[in-house]
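> Those protein sequences? They're chains A and B, same order as listed.
Going by our numbering, the first sequence opens with residue 1, and the numbers climb by one from there.
Going by our numbering, the second sequence opens with residue 1, and the numbers climb by one from there.
The set of hints was computed from the structure by calculation and includes no laboratory data.
A few of these clues could be false.
[Stated by the list, open to error] Taking lysine to aspartate or glutamate pairs in the EDC-like style, the calculated list, with each CA pair at most 20 Å apart, reads:
hint : chain 1 : residue 1 : chain 2 : residue 2
1    : B       : Lys167    : A       : Asp48
2    : B       : Lys167    : A       : Glu52
3    : A       : Lys214    : A       : Asp304
4    : B       : Lys234    : A       : Glu52
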Amino acid sequence: MKTYTYTEKKDTRSGFGAGLAELGRTNPNVVALCADLIGSLKMNEFIDENPERFFQIGIAEANMMGIAAGLTIGGKIPFTGTFANFSTGRVYDQIRQSIAYSGKNVKICASHAGLTLGEDGATHQILEDIGLMKMLPGMVVINPCDYNQTKAATIAIADYDGPVYLRFGRPSVPIFTPADQKFEIGKAIQLTEGTDVTIVATGHLVWEALEASKVLHDAGISAEVINIHTIKPLDDKAILDSVSKTGCIVTAEEHNHLGGLGESVARVLAQHKPTPQEFVATNDTFGESGTPAQLMDKYGLNSDAIVKAVKKVIKRK
Amino acid sequence: MPNIKELEDLTTQVRRDIIRMVHKVNSGHPGGSLGCAEFFVSLYQDIMDRNEGFDMDGINEDLFFLSNGHISPVYYSVLARSGYFPVDELNTFRLINTRLQGHPTTHEGLPGIRIASGSLGQGMSVAIGAAQAKKLNNDDKLVYSLHGDGELQEGQNWEAIMYAAAKNVDNLISTIDLNKQQIDGSTDDVLPMGSLKAKFEAFGWTVIEIEKGNDIASILEGLNKAKSLTGKGKPVCVLLHTIMGNGIDFMMHTHAWHGKAPNDEQLAIGLEQNAETLGDY
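Isolated chain A (complex conformation):
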């Protein structure tokens, strides 16, 4: 079994900041907007190097989305930065009409997604954003798994013409993808080969899936781990090819099971190859205050939860 190790942990939001800084040097059309969260979004480097291409909007996310849409008229490629909660639910109608329906080339970059935001609690821990954004026609939805992949995704979406939702987070997590790995929107990455179960994970849960696969290997279960960094458009073929081999699947995400990656996978399977599936996701609930590790444990979003889900789904084959 292929195993993954890491030498460093870093937050995915810093990967966004590094990617944005690189875009600042390579693409003169890239502009950035922020609603009073420069430090949290790690946008300082871009701003220091390109002050004329940065727009501080203040605490006014609706206005930020509209201004971003307007900036595309004139050939700019706007990257908006705020927390995931304020990037989606708070401004859903602005995104729907002025960006998605209008087909504007805006990159909505959202940090502090999910429970791992931690102690600030449920008001800020959005677990519904993937669902909200994937339902918008034409919206691409990306949730990378580590620093390197977030940096690569940030750079890649500038070359894609259309609205994108890029979701990342606050905690430091292992860096295990290669720094030079090209990011292809909509192309799943198979991390381990396996024969007994497919584990499809996104975001922070990808590392947890790899950890789970080691435990499962020791228990004699061969897991195929797939990193689905793009939830929309979904790589249907990668999922169907894998379950054709393994016959069952576990999906894992830091999101409500309603509206998340798991539901998108279930739709593909229901249409093309009905397959037993278990969901590692929150169960129609809000979060609460706590450390990221405590919360991920309490709400069943870690490697232990994935191992349990695998053992359950294998019995359903």
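Since the structure of chain A is already known, use the hints to place chain B on it.
Relative to the frame of chain A, chain B by itself:
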């Protein structure tokens, strides 16, 4: 100097277009459309510096954004009669497969439209973004926008109004259609907004008023004054006092025709009051 008579003739034809479009599909918004006919004609036929054809980025030309998208009939009529698409296409307003959706959109590729609008309160932010893109591009042309007065009840406007002044977006002229009506009644009955002039000025805008918002000479004078006030560090607000339903006597001075189509008899009366000038579509 523009020929006022020609612009008035076009306005009359635009009024005919508006009520014929709305009558045909028995839906749409004639009241606000009629109230802004002179404004649209003045803007597109005289005030704005426009390039031939249509390019989404609008580099080196003036841009216009309609925030109160429900007055699409006047927008479509003036766009068609300004050469953006065939006038005959007005026949397809609100019909299945049309590019002339109930509310304007870029989604069907209609030339002249740069943003979808209809859900209120979003257009000023978009216009600000386009104005800031012009500054980044060293493009010295202007951005115009139009908003309903009732629409200013949406909070996003005030985020945008605060921002535009704070960031010196002085290549923007935002016009408020001050007809003092909204769906449920007069703006003073539904939600009084006090002095919009005082509010915009308090937020740091330069404000001018066009008292006769249905008189082409007054509109031209006012908008030319607004143009002369751009580039001085402040965004410019034009308070355009209009009469909802202007040009068709039974539709004037009431909110009743905000979103209601005339019947056959009412259409005939309206057309009689506005004799054909440039030819119906």
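> Run every hint past the structure and note whether it holds.
Evaluated hints:
| no. | hint | in the structure |
| --- | --- | --- |
| 1 | B:Lys167 <-> A:Asp48 | holds (19 Å) |
| 2 | B:Lys167 <-> A:Glu52 | holds (12 Å) |
| 3 | A:Lys214 <-> A:Asp304 | holds (11 Å) |
| 4 | B:Lys234 <-> A:Glu52 | holds (19 Å) |
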